[in-house]
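Enquirer: This is what each chain is made of:
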Amino acid sequence: AQSVTQLGSHVSVSEGALVLLRCNYSSSVPPYLFWYVQYPNQGLQLLLKYTSAATLVKGINGFEAEFKKSETSFHLTKPSAHMSDAAEYFCAVTLSGYSSASKIIFGSGTRLSIRP
Amino acid sequence: DGGITQSPKYLFRKEGQNVTLSCEQNLNHDAMYWYRQDPGQGLRLIYYSQIVNDFQKGDIAEGYSVSREKKESFPLTVTSAQKNPTAFYLCASSTLSGVNTDTQYFGPGTRLTVL
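Heads up: the sequence lines are chains A and B, in that order. Read in order, the letters of the first sequence are residues 11 to 126 in my numbering. Read in order, the letters of the second sequence are residues 536 to 650 in my numbering.
These are calculated hints, taken from the structure and not from any lab test. Please note: incorrect hints may appear among the correct ones.
Here are the computed lysine-lysine pairs in the BS3-like style, where the Cα-Cα straight-line distance is at most 30 Å [to be verified]:
(1) Lys113(A) <-> Lys68(A)
(2) Lys113(A) <-> Lys606(B)
(3) Lys592(B) <-> Lys549(B)
(4) Lys592(B) <-> Lys605(B)
(5) Lys113(A) <-> Lys59(A)
(6) Lys605(B) <-> Lys544(B)
(7) Lys592(B) <-> Lys606(B)
(8) Lys606(B) <-> Lys544(B)
(9) Lys544(B) <-> Lys592(B)
(10) Lys59(A) <-> Lys544(B)
(11) Lys592(B) <-> Lys618(B)
(12) Lys79(A) <-> Lys59(A)
(13) Lys68(A) <-> Lys79(A)
(14) Lys113(A) <-> Lys605(B)
(15) Lys113(A) <-> Lys618(B)
(16) Lys606(B) <-> Lys59(A)
(17) Lys113(A) <-> Lys79(A)
(18) Lys592(B) <-> Lys59(A)
(19) Lys113(A) <-> Lys592(B)
(20) Lys544(B) <-> Lys113(A)
(21) Lys618(B) <-> Lys549(B)
(22) Lys544(B) <-> Lys618(B)
(23) Lys78(A) <-> Lys113(A)
Which stretches of chain A does chain B cover? Using the computed rule of at least three CB atoms under 8 Å from a CB of chain B, they are [what the hints assert, rightly or not]:
(24) 53-67
(25) 114-126
For glycine and all other residues, C-beta sits at the position ideal for the given N, C-alpha and C.
Here chain A stands alone, though its shape is the one from the complex (with noise of 0.2 Å):
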């Protein structure tokens, strides 16, 4: 069975400072991985995707992942911080492959602050 998990429900940095949210994936199969990003009261919106192409996978708003096999991770970062940047954070696994898009598996979500 699939499932992920977001390490820390809450992180907090400063601004320009690095950001790095923490995503585990459990998938018997090669899993498909997503990033989203929610602001208050919004909807998801996706921020990156790894497809099985290149490991290392880049986003919108500066953001980018890397899938490493060896460690079943999928951690988000960013090299600098903006104060834009205070939003909730979920991790997603899928199958590969899989064309009903319904074994989407979300993580709890990270809730990430940005300190002036």
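Using the hints, position chain B against chain A.
Expert: Just chain B now, with coordinates in the frame of chain A:
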């Protein structure tokens, strides 16, 4: 612009009343989904539909009902049988063909509060 719309943005309901949340998409997506979001619990799947006039229960379908009479529309009814309906409800859609079958696109959400 193509996208997913949900209405209303905020909804208040008295206990014992049914209420229907609207979800419309003009992305020509085949599949549509309803999720419930509670603080600290991520998203939980309520119902999903891959084709008109067909839908399947997700993980927490009890107390909810849906219909899919048109490809563009997937309304969710929160019935009086749902014991704790206060939550943020998100609708999503995805295509089932092409290169982005794995990606779900989300609407802005409806916050339901039971008084």
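Enquirer: All the hints need checking, so say for each whether the structure fits it.
Expert: Okay, the hints, checked on the actual structure:
1. With a C-alpha separation of about 24 Å, the suggested pairing of Lys113(A) with Lys68(A) holds against the 30 Å cut-off.
2. This hinted pair checks out: Lys113(A) and Lys606(B) have alpha carbons roughly 20 Å apart, not beyond 30 Å.
3. For a cut-off of 30 Å, the pair hint linking Lys592(B) to Lys549(B) stands: about 25 Å separates their Cα positions.
4. About 18 Å separates the Cα atoms of Lys592(B) and Lys605(B), which keeps this hinted pair within 30 Å; it holds.
5. Restraint check for Lys113(A) and Lys59(A): satisfied, since their Cα atoms lie roughly 15 Å apart, inside the 30 Å limit.
6. Restraint check for Lys605(B) and Lys544(B): the C-alpha separation of about 22 Å stays at or below 30 Å, so the hint holds.
7. Restraint check for Lys592(B) and Lys606(B): the C-alpha separation of about 18 Å stays at or below 30 Å, so the hint holds.
8. A C-alpha spacing of about 22 Å is found between Lys606(B) and Lys544(B), which places the hinted pair at or below 30 Å, so the restraint holds.
9. As the CA atoms of Lys544(B) and Lys592(B) are separated by approximately 24 Å, the hinted pair is consistent with the 30 Å bound.
10. The straight-line distance between the Cα atoms of Lys59(A) and Lys544(B) is roughly 28 Å, inside the 30 Å bound, and the hint therefore holds.
11. Between Lys592(B) and Lys618(B), the direct Cα distance comes to roughly 17 Å. Compliance with the 30 Å bound is thereby established for this hinted pair.
12. At roughly 15 Å between alpha-carbon atoms, Lys79(A) and Lys59(A) fall within 30 Å of each other, so this suggested pair holds.
13. Proximity of Lys68(A) to Lys79(A) is assessed by CA-CA distance (about 17 Å); at most 30 Å being required, the pair is judged to hold.
14. Among the hinted pairs, Lys113(A) with Lys605(B) is consistent with the structure: their alpha-carbon atoms are about 23 Å apart, no more than 30 Å.
15. Restraint check for Lys113(A) and Lys618(B): the C-alpha separation of about 26 Å stays at or below 30 Å, so the hint holds.
16. For the suggested pair Lys606(B) and Lys59(A), the alpha carbons sit about 26 Å apart, so the restraint of at most 30 Å is met.
17. Note on Lys113(A) and Lys79(A): the hinted pairing holds, with a Cα-Cα distance of about 20 Å set against a maximum of 30 Å.
18. For the suggested pair Lys592(B) and Lys59(A), the alpha carbons sit about 26 Å apart, so the restraint of at most 30 Å is met.
19. Among the hinted pairs, Lys113(A) with Lys592(B) is consistent with the structure: their alpha-carbon atoms are about 12 Å apart, no more than 30 Å.
20. A hinted pair counts as satisfied when its Cα atoms are at most 30 Å apart, and Lys544(B) with Lys113(A) qualifies at roughly 27 Å.
21. Pair hint Lys618(B) plus Lys549(B) holds up; C-alpha atoms about 12 Å apart against a cutoff of 30 Å.
22. Taken as a hint, the Lys544(B) and Lys618(B) pair is honoured in the structure, with Cα atoms around 21 Å apart against an allowance of 30 Å.
23. Between the alpha carbons of Lys78(A) and Lys113(A) the distance comes to roughly 22 Å, so the proposed pair stays at or under 30 Å and holds.
24. Against chain B, the region 53-67 of chain A contributes 6 residues with a C-beta closer than 8 Å to a partner C-beta. That satisfies the three-residue criterion, and the hint holds.
25. With 5 residues having a beta carbon nearer than 8 Å to a beta carbon of chain B, the region 114-126 of chain A meets the requirement of three or more and the stated coverage holds.
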